[in-house]
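Dock the two chains into a complex; use the hints.
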Amino acid sequence: MLSLYRIIKFSFQDIVRNIWLTIVTITILLIALFSINTLLTVRLISDNAVGVIREKIDISLYLKPDTIESEIIALKNKIAASPKVKEVVYTSKQSAIDAFRSKYENDPTVLAALKELGRNPLSPSLTVVPKNFEESNLVINDLKMLDNSIIESRDFSDNTAILNKISDITKRVNEVGLGIILIFVLTSLLVVYNAIRVAIYTHRQEIEIMRLVGASNFFIYMPYMFSALVYSLVSVLIVISIFYPFLTLLQPYLEAFFMGYNVNILSYFVENFLVIFGAQFLAILFINIVASLFAVRKYAKV
Amino acid sequence: MITLENVSKSYDHRHKVLKDISLNIKPGEFVSIVGQSGAGKTTLVRLLIGEERADEGRVMIGDWDITRLRHREIPYLRRQIGVIFQDFKLLPKKTLEENVAFALQVSGGKSDKIKKVVPSVLKIVGLDDKKKRYPNEVSGGEQQRAAIARALVHQPKILLADEPTGNLDAINADEIINLLLRINKFGTTVILVTHNKEIVNRLNRRVVTMENGQIINDQAHGRYLL
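Just so you know, the sequences run in chain order A and V.
Yeah, the first sequence ends on 306 if you go by our numbering, and it's all consecutive.
Yeah, the second sequence ends on 207 if you go by our numbering, and it's all consecutive.
Chain V with its partners taken away, still in its complex shape (with noise of 0.2 Å):
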């Protein structure tokens, strides 16, 4: 599904952020990416939505090797990728149902189908009771909520959640972790970037530990190591 050969990356010539990094992640995995401020984890996250361009090395999403990407297709890809950030990224001056109904607004997607997703993904996150609602009128992890589902109505085949329990109390992360578990037993690839350790050990699910731009570790069963 996801396949990092030999990737290299650095933003000033000099000093490398990822170094000859390569990972394999099968579909349907649910896989944590642990590592302290600074070890490359938001680095690998760009470069697998686009968002920036390896130096050395191939990454392929199934079939397609996003490394050689042109500027245009990056919509595409981001249509097969589902992200979700620490900050929520949604559009404060529309409701919840918008914020959701926007992503396929934006992508061409017929007014049938996004009357039919978007109610259908907001009652998978339980936000069926506030879809008219705006993101300052409900509380952090429903805007995290909100944008997972947001995430949901291309129906991806990967989920990448960037730090998405990093602005939540503990009970709101824990019910964010439970959704991206059931999203997973759908059938969706998850990646966790994280740096809780609570959550990464009570997953008991593969662990990636990157450590100064390299993978240090990667367990079937893994703990937070760091």
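Next up, chain A with everything else stripped away, as it sits in the complex (with noise of 0.2 Å):
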């Protein structure tokens, strides 16, 4: 107990005594954390950006004016009996026009003219989501195949083509995105090694001194491991307190940028919160302690 108090004791008297490398090394895995936050959340936007894209792209059946309700059911549940898809959206004659009216209420040209009209001009569709975006061209295929007479059009030509790039980009931005986090969260890790070995370069003459007036080994590398867990723990707290501020703030931006859907990085960084920050504590923790073994390691060979 007396020699936990001392070593607690040693390690905060060394922090504040050496105070500006203490906050130089604070600096560096302050850095460090925040830059592999910055590029998680990139990350994040990037992934929402490429699902917003995909809720975008329609696989529809436009059927016959004229097609009785229980016969668009059955093609429905046809479709929906497919393991490749996920579910399909009746939208009747009726709903059409209501949403055509909803979309054009500011428009009185569109409006006149669909009542000049007369009549109902939209037909009944079956939009259908596949379980699997990288599956959406398989479902096209099958449902290109699909022989019923109530179907009146299946173009989705364009949809195809759009499929693909947005595949293409996905597939890209993972490959990428995954290489660049790798540098950096090893680049990162590599700053942050340095850095202690650094930090305890410049306790050399301590640890050797510590050494000759017959300080076991427990109460030489003790401090060095409590003071890691002091730099890895304030810097973590330090980067949770800067990056949800920066969160909020980039918030709106996002809301305004993705308006009509449900992008929300602040509410991910809350509800995986003991993930992100315990794992970077966790690491941080552990690549501090490695490089302090080591760094007294070396010095302590008196």
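It cannot be assumed that every hint is accurate.
Unchecked claim - A short, non-exhaustive set of chain A residues, derived as facing chain V with CB atoms under 8 Å: (1) 7; (2) 21; (3) 24; (4) 145; (5) 213; (6) 214; (7) 218.
In short, the hints are calculated from the structure, not lab data.
Ideal Cβ positions, reconstructed from N, Cα and C, are used throughout, including at glycine.
Following this line, the structure appears as structure tokens:
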């Protein structure tokens, strides 16, 4: 107990009396953590952006206007039975015209033209949502081969090109994103590792003296391990206190950009708080302790 | 107390820095080990504090054969031998009092003992009024006295002084030597490694002279020969 008290005391004494070294070390840890979190945010935004574009892609079958409801429901059930299909949304003629009117409620010309027509010109439709976005083309192929007299049109050619493009972009974003994250994490870890080694290097004389006055290994190593814990904890707490206000400021811009879609990076960070920051704390603590162990061992060989 | 039997040591397996050294130092002796640079004095000190191991021969401290010392036993050896160096080796971010207490704290000394021993050793070396100062706030002589106080807190049987006056002016050097003589009077064996001719001649104590890794002279009331 006495030893633990002394270790904590030596560690805090060292942190306070070498305040500039402490500030520099924590700043390096902060920069590394902030960079990783920024990269994570960028990744989340890009994932959301791709998701939004995916949602924009409709795979719809337009049915003949005079088709009776039971036939449409039968077709809907048939398509929904496919293992590749997540859901099939039926939009009746009435729902389609209601949505159309709602969309153009501020456009009197369009509404007047609709009135002039005197009837509902829109067809009932079935919108197909694939289980897996990457299988969209397979779903389209199945729908193309579907033989049913109530289908009026099924032209998916434009969608196919867009789907291919999005799949391609998603794949690239994932590959490049993962590569950048790996490089960044590795660089950050090396920078942190080096920063800790430099911090311990400045203590080499102290370590040598500890050895010469008969300090046990426990007393030589433990204050630096405890300092590593303090550095890691403080840097993660600071990054949390910086990052949440930053996300709060960013959120309105994201909402404006992704208007109509539920994109909330802030709530993602809140919901996954423990996983995100807990993992960062453990990773930074691990690298701090490994660096401290190697550095102290080097100078303790007296 | 200290016995070296046919000790040899080399760093590169070709050039021996200590060649078949045999030496016996009795409890309570004051021994000066003199010699020019490269004579092997520092290697001898390093062998005695377990910083180096002899290639051949045996080094005994009391009944303890430190030639076969295990790594984890080194701290215990260093608590038995007080060591002071030319460059003082004080921790710059600790006060003189903290530096002295540090040696006891890191070896698990109890708080009550530390509170009792530290002021008394600081008084012995004449630093009780400057105990709250940092090393850079006192003179070289005072820093060396703090280092001596630190070496004394374990109440060692042996005090090893490796060129303790090397960085000091004549007045401060005299003060340090007088302090070592006082400590010796209390019964502590003092081994003084130096190349300061005046000090050795003034002491008129046992002088072991080294040259090229060998002991070339050992006189009970010797003088600096080289």
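We went through each hint and held it up to the structure:
Proximity of residue 7(A) to chain V holds as hinted, the smallest CB-CB distance being about 6 Å (cut-off 8 Å). This hint holds: residue 21(A) has a C-beta 4 Å from the nearest C-beta of chain V, less than the 8 Å allowed. About 12 Å separates the beta-carbon of residue 24(A) from the nearest beta-carbon of chain V, more than 8 Å, and the hint is not met. Look at residue 145(A): its Cβ only gets to about 72 Å from chain V, farther than 8 Å, so that hint breaks.
Satisfaction of the interface hint for residue 213(A) is found here, the shortest Cβ-Cβ separation to chain V being roughly 5 Å, below the 8 Å cut-off. With 8 Å as the threshold, the beta carbon of residue 214(A) comes within range of chain V, its nearest partner Cβ sitting at about 6 Å, so the hint holds. Against a cut-off of 8 Å between C-beta atoms, the interface hint on residue 218(A) holds, since the closest Cβ of chain V lies about 4 Å away.
Of the numbered hints given earlier, the model fails hints 3 and 4; all others are met.
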